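**Q** Here are the chains, one letter per residue:
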Amino acid sequence: MIYLAYDGSLNGDWIFRYALRLASQSEEKKLHLIHVRDGGLPEELVEQKLLDLREECRAADIGLIREIRPLEKSVFQSLLRAVPEGRSHCLVCGTRVRSRRQTYLSGTVSEQLLRQRKFSVMAVRVVQPGLLGNPHHFLIPPAGHPRGFASGWPVFRLFLPQVATVHLLRCIKFSSFHSRNLSLQKKRSLHEKGFKHLSKVRDEILEKKGSPEFFLDLYIAVSNDWVREILVHASTLKIQMILLGASERTLARRVLQSDPFERLLRDSPCDVGIYRGIRRLHARSRTLKRMRFSVSSAAVRRD
Amino acid sequence: MNSAEIAERLREIGKNTVEVRDPWKWVRSLVRQFTNFFTILLILPAVMCFVADRLQPGESMNVLGWALLGVSLLNAFFSFVQEFRAERAMEALKKFLPPKVEVIRENSTASILAEELVTGDVLLVNEGDRIPADARLVKCDDLVANNAPLTGESKPIKLDTSASGQHLVESSNIVFAGCSILKGNGLAVVFATGLRTEFGKIAHLSQAIHRTPSPLERETAHMVRILTIIAVTMGFSFFLYGVFSGRSWWVNLVFMMGIIVANVPEGLLPTFTLSLAMGSLRMARKNVLVKGLNAVEAMGAVHVICTDKTGTLTRNRLAVTHLTSSLENRSLDSAEERTFLLELALCASEVRKTKESFSGDPLDVAVAELYSQGKGDVSAVGEARLRHFAFDAEKRRAAGIGVVNSQLVFTVKGAWENLRPMVSQLRAEEGKPQQVDDEGLDRAENIMGEMAASGLRVIALAYRTLPEGDYSETPQEELEKDLIVAGFVGIEDPVRPEVPAAVEKCRNAGIDVIMITGDHPDTARAVAVKCGMVPAGTGKGIVITGDALDRMSQKDLVRRLDDGVRVFARSTPDQKMKIVGALKAMDRVVAMTGDGVNDAPALRAADVGIAMGESGTDVARASAQIILLDDNFASIVAGIEEGRTVFSNIKKFTNYVLVSNGPEILPYLLYVLLPVPLALTVIQILSIDLGTDIIPSMALGQEPPDAEEMNRPPRDQNEGLLTLPLISHSYLFLGLLEALWSMTLFFLVLIQGGWHYGQDLGTADPLYRSATGIALATILLMQIGNLLGRRFRSRSGLDGGIFRNRLLILGIIIQIVFSWALLYFPPVQKVLATGPVALDVYLLAWLGIPLIFGLDYLRKKGLLLVRKEG
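Protein chains in written order, with the numbering used here: chain B, 1 to 303; chain A, 1001 to 1870.
Hints were generated in silico from the structure; no laboratory data involved. No incorrect hints appear here.
Listed next, the in silico DMTMM-like pairs over lysine to aspartate or glutamate satisfying Cα-Cα at most 25 Å (straight line): (1) 1025/A to 262/B; (2) 186/B to 1716/A; (3) 193/B to 1716/A; (4) 238/B to 1547/A.
Among the chain A residues that face chain B by a calculated CB cut under 10 Å, a handful are: (5) 1009; (6) 1012; (7) 1189; (8) 1196; (9) 1218; (10) 1581; (11) 1605.
Predicted model, so just to flag it, every value in this text is computed and none were measured. We treat Cβ as the ideally placed atom computed from N, Cα and C, and that holds for glycine.
Use the sequences and the hints to build the structure in full.
**A** Pasting the structure below:
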């Protein structure tokens, strides 16, 4: 089931289009909209907007389940209670800049949602509302995780029927000193390693995709700035959506890397989707839960 | 939209600006200049010198400190200025966007700052406007735009409001940021602003793509790293040895500093810079203007040149060379038919008479020129035209209604593929139209194909006579039916005469030439054959079209390039990035030419970006490292030859400079291991590295190109500047020779003056000063033999126009004069703490020149012999 965390803002309307799109590909063909009354907007306005959204759902032949919840401890807590636990549930939320804090994700409800491990989450930054949540050209920068694209697949498969091109980009991070002094042999071996990983991801996607046909290409970048590489590839390849995964990192790492994710969200030439799937909980994951969440190092694993 | 919604949109998506905010960019750049290995390596000894001066004043150590600091600052500042100058593309890009725009907000027209524009705004578009954002047309009145900044084609594009299934930049219902409106007016809804516009993406790439370090930068970094490791390890090891063997801290400190200073060729990198600067001057004389000094040498390392066709390989002076019927591939014989064909073409063209010739689309100008050569009046044809339909990039044709041959006709001029579906008849030479079936059309297509295959740009001309009436409002589509093909116009852009020889030179030098053009594949292949890029009769396998390239993965592209693809036809400038990416994935050093705004990202992504000086835009020039003043391909090849010469010369003077490290290090080793005086002080070492060695090094940097330079393949990227053979030759052969002979004379003077083994001598002792003086003078004189020997790898060095290189003569004179002055000229004696020696001892120092030169010559001969036998 697709859930949407809707705050009633203009950005919320843009995110709704993504949720609608994903819901249209889900088995249930239903969208569960959750609005937490936090007093951010007048209730009449929200009510009017919800009526409009219902019309859009009707036009798209999607059932809309509205759930207006009172504010509990926080918006995050209210949402957490509203969405059932399980891998089959995916909550779509937005990343948006707040008036005082010029960050898109860091310290927001969306970040808290991405950190929890009860259900899958996709946080979307919309910069091209005209696309109406219907991107065709994707850039996916897998992090080099041994599980390949397993966590991204549940979200990506919902975009599948309209996908025209998919570009997989593997960024291999090096300090500027090292990248300047990198020998050709070393560079070649890194490329091969990266290519091997991407080939695995490609095979995984091709195996799971079924009938939809799309163009798929692989790119390797060795760089000291993985955000720049993603942005450059997104501009060069005329990408409409960057889809990347999030993971946990310690607070120290986050400070050291000064949240490059914020830069990605700010300067992105296209919409960005940050997903986090869930695995079965086990003892170790409880320890991990205590760690602070940092999306900054999500897309890149240091080699 | 109300103001609250506008504010919300502005906050969510950001301002409509193409500049990437990075307030710390220049600070970071400046810091980077001071954190590279070489600068640190110079700053550290400088600090040590200042510390030493505080501990023991009066030894002029502070002078040394300032000298080292000065060199490091100069290097850093130079690099910073170069980086700063390379970042001007943004300024040029900004000029394409208007400061203010008119929009409809809350039902009234408002003039707002362009950067406050948001998605959803309704934009008023008028003739002469520059477009601030990407917007979809909702109302359109005879709108014609120039999308050259995005497409590279300066042809006027007719716009309308109907949906388009083309690629976004080819859509006729969109106005794009950075482009301009030539005619008409309309309303458009903004759907992308700032960096999200197509123009913004170019701007973003122009800022975000970091140039990869040039081969020389990489090799210099490698060399400096190795020298640093050697210097620091040696200095620190012997410092510890000194401490444990009971020497004083001060002596050990001086010793460590000496070892480091002796190992670091302080003058080498400034000489690199000077050599590259001189190389850039020589390149400028060959019409190759270099913006970044590293590009001088990078040119020499190039494996592949990706070049545009028009204007670079060809003259960009189109001339109509063929006028043929659609029934037979031979020139029209009848003058009347030829005139008829040209008048039809002119009716669908827009050319204006200028003082010298005509202005307008180059293709139309070529037609007008031929028509006027035949005594035709182009203005009269223009006056007889009643209506003109501008070139439509999507439809790939232009059209017009006018009176031709006393008949009212509708005429269409464009690509055959697009005209064919509208054709029902073919015109025979005698002027009679013949009904045609698919087979007949295939035959006409074959004729067109044959013309294209011979390197011609082919335009099909079709027409239909119209009954008298008013056609001022009739849609073009309504007129485009039952057309009669009048014939084909073959236009040739002749290959520059010097290009085939330059391509041949590239082949001999192991450099691949790849052509990227928007032309038809057959035309492109024919030009490639004419240029000598591929042999005549080469199949279609050497060509990839833009459409195929779009569907090709990078891996497939790499494979095709490996298989010998040399031509990219019907391709767009933004595909250049894909080609550069694939070539770089193949570990090739890529030179890329470009002239348009949309070439900027590829120019930055390539190892060497080459912009056209005559036809290039400011943005392309600002993004490139090299500007080709005459737009001529042959000049690129001349630049590559110069670049190779510069690298070869850099290698020569690196070899030369490292030789003096041997006699600079040995005295320190003897000093710490044995109870003997120090033969060379730190200031004496610096007088060589930063003084007498500079001019001779520059002289080697001035050596003319080797005749064989362009007959060798590009150098292996793994082959560094500092190779093991070079180190062995510099340190263990020539360096050792200089060290042994200078130390021999040092001890000879000491022994003749009554010194005995183990005796300590003060730095002010006249005997010590004379001994260090002769050691230094010997090194300087032996550097003359070294200098001559470094000119050629296998020849002696005394031949080959030694007197033509004036710096070489000056370098030799400086070494001689300085070797004399430091022994016998009191002011120099005072600065360097040296003293005089007997004349016969000084003459013995002169013997060092034939000694080093002769033994090195014997080595060369021996190596030649071994190679021959091998």
